[in-house]
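Engineer: Next come the chains, spelled out residue by residue.
Protein chains: 2
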Amino acid sequence: MFRTAELQRKLPKGDYHQQIPQLRQDLLLMQRELREADFPVIVVFAGVDGAGKSETVNRLHEWMDSRWLITRAFGEPSDEERDRPEYWRFWRELPPKGRIALFLSSWYSVPILEHVYGRVGLAEFDERLARIKSFEKTLADDGALILKFWMHLAKDAQGERLRKLEKNPLLHWRISKRDWRHWELYDQFIAAAERTIMKTSTGLAPWKIVEGYDARHRSISVATAIRDAIRFRLEESRTQAASDTAAHLPSPFSPEPGLSPVTILSRLDMDKSLSREDYAAGLKRHQSKLNQLQRSARERRISTILVFEGWDAAGKGGSIRRITTALDARDYQVIQIAAPTDEEAAHNYLWRFWRHLPRAGRVTIFDRSWYGRVLVERIEGFARTREWQRAYAEINDFEAQLVESGIVLMKFWLHVTPDEQLQRFKEREQIAYKAWKLTEEDWRNREHWADYELAVNDLVERTSTRQAPWTLVEANDKRYARVEVLRTLCERLETALADQSKPPK
Amino acid sequence: MFRTAELQRKLPKGDYHQQIPQLRQDLLLMQRELREADFPVIVVFAGVDGAGKSETVNRLHEWMDSRWLITRAFGEPSDEERDRPEYWRFWRELPPKGRIALFLSSWYSVPILEHVYGRVGLAEFDERLARIKSFEKTLADDGALILKFWMHLAKDAQGERLRKLEKNPLLHWRISKRDWRHWELYDQFIAAAERTIMKTSTGLAPWKIVEGYDARHRSISVATAIRDAIRFRLEESRTQAASDTAAHLPSPFSPEPGLSPVTILSRLDMDKSLSREDYAAGLKRHQSKLNQLQRSARERRISTILVFEGWDAAGKGGSIRRITTALDARDYQVIQIAAPTDEEAAHNYLWRFWRHLPRAGRVTIFDRSWYGRVLVERIEGFARTREWQRAYAEINDFEAQLVESGIVLMKFWLHVTPDEQLQRFKEREQIAYKAWKLTEEDWRNREHWADYELAVNDLVERTSTRQAPWTLVEANDKRYARVEVLRTLCERLETALADQSKPPK
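Those protein sequence lines, which keep their order, are chains W and P. Letter 416 of the first sequence, counting from 1, is numbered 416 in the numbering used here, and no numbers are missing. Letter 340 of the second sequence, counting from 1, is numbered 845 in the numbering used here, and no numbers are missing.
Only chain W is shown next, with the shape it has when bound in the complex (with noise of 0.2 angstroms):
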């Protein structure tokens, strides 16, 4: 695989000097039009010890503007990056829209170093290797340009650079007992190498070999790929634009009228209720046992998560209190999914749950989720037919990773029927304190019911895994709802602490 990449090529001096100012020209002017663009760019640089990655980045950083560029590189995580799924230190650097992001040490360095070191097998590393290609699968779906580069030394040529760096005073610092260390383990290393770019190179995250032999060939090649795969993907996105108008259209459904399919949701029975004795009671000694597990949790460093979704005046905000009362204001936090700020909007939709993942112990509750992408974004034609069917995918992924992490997952549906909303939405126009809550939205959301209850099904359908499960509350009865919610936490909870006092098998 990379003996193309041990031809000890170079350019001379002269050719060099030559090709520069036009190359800077075009980066910049590049540049320039990305900073309008509806993408980021996400470029990594992997490889072997020596080749000349950080001396590439800086080279980048001398012919762009680099007000738009962001360089970083990951060390040991801090506590705060080791309280949360792993990939949540990268999510929270990734570049917004328009701006190009160059990534030294990065998703790459841990899987390779630890399988190199022979503390992974070759089973765990494809595993991870396959969850970098579906991160970056998720990034490039959503339109992220990703560049991925592999720089290359020949065994020989590597010795040689170490040395030639260990010499030179303004260098020797780079070169450590590890650099010599890994110079021995070379094979495994390529070895590793050659499976990660293999299993990782894809059509819409492709790793380029780059020979790090001679710096002026080397950046010089870097600099015209990444030139050229911009350049490229502008083209493309100005082109597309004309022609993806269509998949802005509303809504791609259009129910036949009168059809009233049987869906998961028809199949509830919604008679349930509780009395004001049996909710008192039941409250009191769910919260109290609540609060008791909260803080066994936050002692064995459990997080967890809680969504709820649900339909206009379900009763999510009551629900979420009734859980909340019972907590310690240190360990919670509520978070209100509305209109995304400018930062979040200018990064992948699932950036800003990231964003808000708890840390080892506590609890975040989103009060509407992730899942307004394959809802909301759905049915109102915010999100494309492709966008919003490839979500399902995506946020399983993403769950996945919650769960692996530790995380105890629960996501609520709050259901009540038609007839039940339209009494709640005629009371909130009687008193005056809730009218507020009422909105013409509301109102629209109402006249897709059917959509939405299909969209409903869809999703449990698509995202109700073992690890995962949706709950499907009946709400007609709000003292009943409260309770099942809680009743259900509680459970679960108990669960998991339960699971993870178990010994190991």
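A portion of the hints provided could be inaccurate.
Said to hold, decoys possible - Computed cross-link-like contacts, EDC-like style, restricted to lysine to aspartate or glutamate with a CA-CA straight-line distance of at most 16 angstroms: (1) 434(W) <-> 531(P); (2) 437(W) <-> 538(P); (3) 97(W) <-> 33(W); (4) 437(W) <-> 570(P); (5) 437(W) <-> 531(P); (6) 155(W) <-> 179(W); (7) 939(P) <-> 62(W); (8) 602(P) <-> 538(P); (9) 434(W) <-> 567(P).
Honestly, the hints are just simulated from the structure, not real lab data.
Starting from the known structure of chain W, fit chain P onto it as the hints suggest.
Structural biologist: Then chain P, alone, in the frame of chain W:
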């Protein structure tokens, strides 16, 4: 001070329920209006354990639209927090304009507790209260509405309440040994509370003492006070908006034509220069040294913040790149200060800088900085006169916090003469890949040269402190400037490392 809060006032249930609907409606209308307003609301809850702080917060969440309400409670700091100045964690949680944030166990907790426990004497306690006062002043001066509620209970009432909570199966978890220990320290707490309230109750951030005895009385009085204070401010800002327009007029400066004031910049020796050979040698020597120093600093967790200001085309970018080349990409970040994002614009102007403070042992380089407030914002009239005038004190306070937390702070003004700048502008026009660097704005700024020169003079006078001095760099010769920056940086880092090695007196 607290006698009026020991009257055991109660609000009968009937009166309470009669008042609620109107109050809730008022709160919601007020909140809706606030969303469009140009200021955030910061509500601090402190006081005696068991006096109902978190219950009141829960009640407020029930009564208001919790989408626009943020609750934050601060427990043990994370390592990312410990790695930075004490107030970083508070800055990162400040609400944007139009929102209300409720703070439990806020910036008051630790100073009061440490003083009550006897770990912090009176003098240091007063210093910490002074820091709080200036923190709140910075926010309030910028428009933040700050309301502070001290929830009080007499000692007997507190004991009674703790016993009652202990018996309540739902709430007994709230009571720990710590609470009883605090109860025994009641008198010390009250003494500390009195001092705190006396020293930090200002016109802009007043304390209101609330009797915690009766939940209904307490909730209504807090909610009413919040409603009235926000309403009052909203009213005030409406009437003020008209009269303030004058303050937004362009530059308050109209230097007399022909007047050439003697400023500190006019005294620089602008002929300093370096030969090509001396430059190459100096660069190599200092970069190599810088690298060693930064690696020691990293090990010893000493952070560095570099601020670069200067005329357009003075060579800030070039100097910065000569620094970063010598550093490990994992260790530094360059923050280019351009237009703020909307999240940044919705906060105090210092918020975006707090946001980027380095972790212990790292380097953050600001290419332009908080000094924009007293440079471009002053001259272009983006900041009102009173805003930029008070900025000197705010900046000094901010920088004092950085320095006290152990950060090495250096500020460079890169100075070129008008002639040299003109020549560089013309050069940029000629060289295709440099032309982008030259904008209309650059030419416009040139016309304000005299204003800027005065502003720089003021800035040095007001913010060149012993702990955070300005380095004025003669930059007509780029080579000299780059080496001079590197040399100063090395010298300063060396001193900082040596100081840290000395045994404490």
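Engineer: Could you tell me which of the hints above the structure violates, numbers in ascending order?
Structural biologist: Violated hints: none; all satisfied.
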